[in-house]
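Mind docking chain B on chain A? Use the hints.
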Amino acid sequence: MDGLDDIVEEFLVESHENLDQLDTDLVALEQEPNSRERLSSIFRTIHTIKGTSGFLAFNRLEEITHVGENMLSRLRDGELALTPARTSVLLQMVDTVRALLTSIEASGGEGSVNVSAIVAAITAAMEDGPAAAVPASAPPATAAKKAPAKAPAKAAAKAPVKAPAKKAPAKTAAKAQGKTAAAKAPAKAAAKAPAKPARTAAKKAPAAPPVIPAPRPAAEAPVEEVDEVLAAPVDELAAETATPQEAPATDPGEHHEPEGAGATTDGQQRRAVADSTIRVDVDLLDSLMLLVGELVLTRNQIVQNVARQTDTDLIRASQRLNLIASELQEGVMKTRMQPIDHIWSKLPRVVRDLGLQCGKSVRLEMEGRETELDKTLLEAVKDPLTHLVRNSVDHGIEAPEARRAAGKPAEGVLFLRAKHESGQVVVEVADDGAGIDPAKIGAKAVERGVITQEALRRMSPQDILQLIFLPGFSTAAAVTNVSGRGVGMDVVKTNIESIGGTIEVESQPGEGTTCRLRIPLTLAIVPALTVECAGDRYAIPQISLQELVALDAEKAATAVEEVGGAPVYRLRGDLLPLVRLTEVLGLTSERDDGHVVIAVLRSEGRRFGLVVDRVINTEEIVVKAVGGQLKSIGLYSGATVLGDGTVALILDVQALARRALRTETTDRHETREAAATAAATETERQRMLLAAIGEGRRVAIPLDTVTRLEQVRRESVEKVGNREVVQYRGAILPIVRLDRHLGAYGQAEREVLEVIVYSDHGRSVAIVVEEILDIVDGEAAVRSDIDDMGLLGSAVLGDKVTELLDVRAAILAADPAFYDSPALGSTEPALPTPSGVPDSLLEV
Amino acid sequence: MSVATDTRSSKDAPSATSGQLATFRLDGDLYGVEVEHVQEVLKSQGLTRVPLAPPAVAGLINLRGQVVTAIELRERLGRPPRPEGTDAVVIVVRLHGEAVSLLVDSIADVVDVDAKDFEAPPDTLDGQARELIRGAYKLDGKLLLALDVQKAVGA
Numbered sequence: 083m084d085g086l087d088d089i090v091e092e093f094l095v096e097s098h099e100n101l102d103q104l105d106t107d108l109v110a111l112e113q114e115p116n117s118r119e120r121l122s123s124i125f126r127t128i129h130t131i132k133g134t135s136g137f138l139a140f141n142r143l144e145e146i147t148h149v150g151e152n153m154l155s156r157l158r159d160g161e162l163a164l165t166p167a168r169t170s171v172l173l174q175m176v177d178t179v180r181a182l183l184t185s186i187e188a189s190g191g192e193g194s195v196n197v198s199a200i201v202a203a204i205t206a207a208m209e210d211g212p213a214a215a216v217p218a219s220a221p222p223a224t225a226a227k228k229a230p231a232k233a234p235a236k237a238a239a240k241a242p243v244k245a246p247a248k249k250a251p252a253k254t255a256a257k258a259q260g261k262t263a264a265a266k267a268p269a270k271a272a273a274k275a276p277a278k279p280a281r282t283a284a285k286k287a288p289a290a291p292p293v294i295p296a297p298r299p300a301a302e303a304p305v306e307e308v309d310e311v312l313a314a315p316v317d318e319l320a321a322e323t324a325t326p327q328e329a330p331a332t333d334p335g336e337h338h339e340p341e342g343a344g345a346t347t348d349g350q351q352r353r354a355v356a357d358s359t360i361r362v363d364v365d366l367l368d369s370l371m372l373l374v375g376e377l378v379l380t381r382n383q384i385v386q387n388v389a390r391q392t393d394t395d396l397i398r399a400s401q402r403l404n405l406i407a408s409e410l411q412e413g414v415m416k417t418r419m420q421p422i423d424h425i426w427s428k429l430p431r432v433v434r435d436l437g438l439q440c441g442k443s444v445r446l447e448m449e450g451r452e453t454e455l456d457k458t459l460l461e462a463v464k465d466p467l468t469h470l471v472r473n474s475v476d477h478g479i480e481a482p483e484a485r486r487a488a489g490k491p492a493e494g495v496l497f498l499r500a501k502h503e504s505g506q507v508v509v510e511v512a513d514d515g516a517g518i519d520p521a522k523i524g525a526k527a528v529e530r531g532v533i534t535q536e537a538l539r540r541m542s543p544q545d546i547l548q549l550i551f552l553p554g555f556s557t558a559a560a561v562t563n564v565s566g567r568g569v570g571m572d573v574v575k576t577n578i579e580s581i582g583g584t585i586e587v588e589s590q591p592g593e594g595t596t597c598r599l600r601i602p603l604t605l606a607i608v609p610a611l612t613v614e615c616a617g618d619r620y621a622i623p624q625i626s627l628q629e630l631v632a633l634d635a636e637k638a639a640t641a642v643e644e645v646g647g648a649p650v651y652r653l654r655g656d657l658l659p660l661v662r663l664t665e666v667l668g669l670t671s672e673r674d675d676g677h678v679v680i681a682v683l684r685s686e687g688r689r690f691g692l693v694v695d696r697v698i699n700t701e702e703i704v705v706k707a708v709g710g711q712l713k714s715i716g717l718y719s720g721a722t723v724l725g726d727g728t729v730a731l732i733l734d735v736q737a738l739a740r741r742a743l744r745t746e747t748t749d750r751h752e753t754r755e756a757a758a759t760a761a762a763t764e765t766e767r768q769r770m771l772l773a774a775i776g777e778g779r780r781v782a783i784p785l786d787t788v789t790r791l792e793q794v795r796r797e798s799v800e801k802v803g804n805r806e807v808v809q810y811r812g813a814i815l816p817i818v819r820l821d822r823h824l825g826a827y828g829q830a831e832r833e834v835l836e837v838i839v840y841s842d843h844g845r846s847v848a849i850v851v852e853e854i855l856d857i858v859d860g861e862a863a864v865r866s867d868i869d870d871m872g873l874l875g876s877a878v879l880g881d882k883v884t885e886l887l888d889v890r891a892a893i894l895a896a897d898p899a900f901y902d903s904p905a906l907g908s909t910e911p912a913l914p915t916p917s918g919v920p921d922s923l924l925e926v
Numbered sequence: 530m531s532v533a534t535d536t537r538s539s540k541d542a543p544s545a546t547s548g549q550l551a552t553f554r555l556d557g558d559l560y561g562v563e564v565e566h567v568q569e570v571l572k573s574q575g576l577t578r579v580p581l582a583p584p585a586v587a588g589l590i591n592l593r594g595q596v597v598t599a600i601e602l603r604e605r606l607g608r609p610p611r612p613e614g615t616d617a618v619v620i621v622v623r624l625h626g627e628a629v630s631l632l633v634d635s636i637a638d639v640v641d642v643d644a645k646d647f648e649a650p651p652d653t654l655d656g657q658a659r660e661l662i663r664g665a666y667k668l669d670g671k672l673l674l675a676l677d678v679q680k681a682v683g684a
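Going down the list, the sequences are from chains A and B.
Heads up: the first sequence begins at 83 in this note's numbering, then just goes up one per residue.
Heads up: the second sequence begins at 530 in this note's numbering, then just goes up one per residue.
Just chain B, with the same shape it has in the complex:
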């Protein structure tokens, strides 16, 4: 799962791109991030909370001796908190050489996407999530929401 560091900036991201997305589930929806950004995926980790941090900062995790900030993606996307008793899955992404982790419900496949299936987010999408979702890929029977990683970790 670990992939070399990516230096591509998010400026060209909003346009439709073909390629591979690592997908995950969050509150019933399917999301995807560019596979190049993903360093690794981990089981739930012990979190150290950070008082006074923005609400989306779930805490710090110990990634083999490296301290990595964990962003609660549910909070970030304005979704309800994860139900009690379910563990989050940690996706470690690497941006500009810095590792940041995203807490999601569960991890899914790596999906090949085609630019022709891409569509900008619907106008009805509300403010907070709209910022972070580049658009949707129309897959068979479901929508894959493309997450703008840069913005998502910019909590």
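Excised from the complex, chain A in its bound form:
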């Protein structure tokens, strides 16, 4: 029986996949009821299951799929119109089929699943169709009930006689198509069934002749189509007597032709996929992932050791090991990536059913369904996502009347969006419903004792909205009625956070609600910032990191202020509450030079600065779980092994924030938002010239301050006093060497100097850099105020930290009189800027 078990297993896996597809197709079909393509796809799926179940002797499964198939064939041929009622019946059929499959999976048999009710329902649904169909459908209904098991068998019984006509095309088609699931099952069913029902077939023999012509024109069509025709007789047997116009057997033949062709291409595609993929146990992938993780760590150690050796062969081998291990790691990670569509595909059905149940009309729109993330994460997000979607339909989107009253279209829209954004997957569940009223949430929160009235007053509307994630808000029906949201939102949040993600909600009363999930791409490997604090290293997931600020002792002394004892830093004008990691951890800082390094973190819509001793690096870390003893501390989300083999704890930023922060005041929040917008527009506009200045440092210079790029030979640099100048287009240009100006000492003198010429008000200076790299948009740059002499700060441009040049300071270093008005010019005797020069330089 082993062989059969394998077949059953394959059948089950295949059918489950097909059913998921079916759910999607059926719901989509409601949107475009006339899509023959979709109908055909659905028909094929059901047909495949029917064929195989007949072969495997799952009679009830065959019975129900057969009735469904009848209905589908009529829908497809336009004899029946697709109504919501019919869709529901079909969906119920899918559910029943699923139940049967589950039972088969569990017990090997069809169990106690009752199909007669649904068979009757489908039959009934066929009857209440258009008037013309009424007389026709009654007899087929009874025929359908009794005949299903015999349909393929009967065909097979005829086969001995008609074999050349029927079987031959079937076989060649099957061969041509390869072993597509669709083709294989029916062909077998037909081949194996012959003996049994010969007599029933004989009884109905008179009905057969009209059918025979049909396959012939379709000879080059695939086997599937032949089977469709075989299935058709059951209808036609009875229908013939009632409605003659239905009888012409050529009719179906013609009808099927294009679909047959469609099925062929479809079949080939499917085979291509089936042949190039295999199913792999996820456990196996998990253990592979673990092994690769260890391999990478071992690799790191070997590479570090080999770096001290002189044996070139060994070095080369270790480099190769290095490369291969990285590629292997990447490859294994890819095997675990799946498109988010895997979990989304179930949602149209959820939305539809729930919509009907609530009497709401909801359209589901999906964007970015191909966005990939780790399988484990995908599983973990499934339930929270479904919950959010249900919430949106149930509470977010209003009833049609209410919507019309509010001047919105009766049909609500639910958006699902997914995209990759800076190493994370952002998933949004948005509706255009009633939104959430912060006032109501706040009032309820106070009433339930979740927060105090006092605390509420100090909260911004945005912060109040996040209250729906508090445990106190769940399970309370009263709150749900008023707020419209909140059942189990804390569970959603907990689930999302447990996989290192974050969730936030935004809502405009009357306009809708958006829930935004940020999920790491993969659980196993997370980009993180490593920092040092009291001699130990800690990792901070990049997901919460916004920017870094470094203050030298002098600046720190004035820039870090106190508000009622709480340290704050003015970050671009806003007060950023500071949390000292040493204080949170109960340690003593080892940094005594007065420098302050601030990691600006964001958690639950709030921003705070974490003061650490120093920033080490950003690196991809492999997250390891920590033992129960450490979980209970509630400050670490895990641990990781760094490149040098030491263990570093991963800080749980949310927990840190909760521990250290009190609620911010509303007004501060608002000013901060405004400032953020302003800063964003400011950065958006700027295009930057990137230049290297040695020691791997990169400097960005606003492009609008760059007049021209030139190359100057070294020997043309002359000295005037202690300054360097160069003759350029008949003028003398003062030179500033950016590497010296910014304290980076690059390589020895080059033969050719790369020069950026800047002109303003008739004066020019030449800025010497090591190399011109690129021109980039300053847009979306992460800025920070790591301040140094001659710099405005730093930003991340093109994945690298880049220093923003204080152009004014650089120019003044070359020409202290540069910004003086030309009339007052040449106050500096060392600078030969005769009055005639500016004019000629204007052309530069």
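These are calculated hints, taken from the structure and not from any lab test.
Accuracy of the hints is not assured; some may be wrong.
As the list claims (entries may be wrong) - With a cut-off of at most 25 Å between alpha-carbon atoms, the simulated BS3-like pairs for lysine-lysine come out as follows:
1) A:LYS464 <-> A:LYS416
2) A:LYS428 <-> A:LYS457
3) A:LYS706 <-> B:LYS680
4) A:LYS457 <-> A:LYS706
5) B:LYS572 <-> A:LYS706
6) A:LYS457 <-> A:LYS416
7) A:LYS713 <-> B:LYS680
8) A:LYS706 <-> A:LYS416
9) A:LYS501 <-> A:LYS457
Below, chain B without anything else, positioned relative to chain A:
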């Protein structure tokens, strides 16, 4: 030294059992843990301290890429800290599939013990240690204290 994972719960542990104990020394005494629990024994390892953790958590060690919590058994048993300059030995035990390590002074032999030599801990044993010591096996010339691993790592 590495032994397959054990699933035996500690519920039946307090009773006297015969079998093999991996023994180690701690502050002059000889202790033993069931050999089935022991995954491996390592030399002293670099520890990463864990701020705010219970005092018995000495830190985290890197066990071939796996992060394992280290429990300082001296602290756990209420003994004085290990003298400066002496390195601890790490015994990695595996409980319910999770690896935890115990820091001890030095490792000794694997000893066959007989249930008839077993005796419950004396009444004079003080509170903290009493919880963790199932009892003593009377060996020739010395006592072997049987450690309840489950409780010992439950810091």
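Straight-line Cα separation of LYS713 of chain A and LYS680 of chain B no greater than 25 Å?
17 Å, holds
Taking 25 Å as the top limit, are the C-alpha atoms of LYS501 of chain A and LYS457 of chain A close enough?
Between LYS501 of chain A and LYS457 of chain A the Cα gap is close to 16 Å, so the pair holds against 25 Å.
Between LYS428 of chain A and LYS457 of chain A, does the CA-CA distance stay at or below 25 Å?
Distance of about 16 Å is within 25 Å: holds.
Could you grab the alpha-carbon distance between LYS457 of chain A and LYS706 of chain A and see if it respects the 25 Å cut-off?
18 Å, holds
Can the restraint linking LYS572 of chain B and LYS706 of chain A be considered satisfied, given a maximum Cα separation of 25 Å?
22 Å, holds
Straight-line Cα separation of LYS464 of chain A and LYS416 of chain A no greater than 25 Å?
20 Å, holds
LYS706 of chain A and LYS416 of chain A: Cα distance at most 25 Å?
Holds, at about 20 Å.
Within 25 Å, alpha carbon to alpha carbon, are LYS457 of chain A and LYS416 of chain A?
Between LYS457 of chain A and LYS416 of chain A the Cα gap is close to 10 Å, so the pair holds against 25 Å.
Next pair to validate is LYS706 of chain A with LYS680 of chain B; report whether the Cα-Cα distance is within 25 Å.
Holds, at roughly 24 Å.
No hint from the list above goes unmet by this structure.
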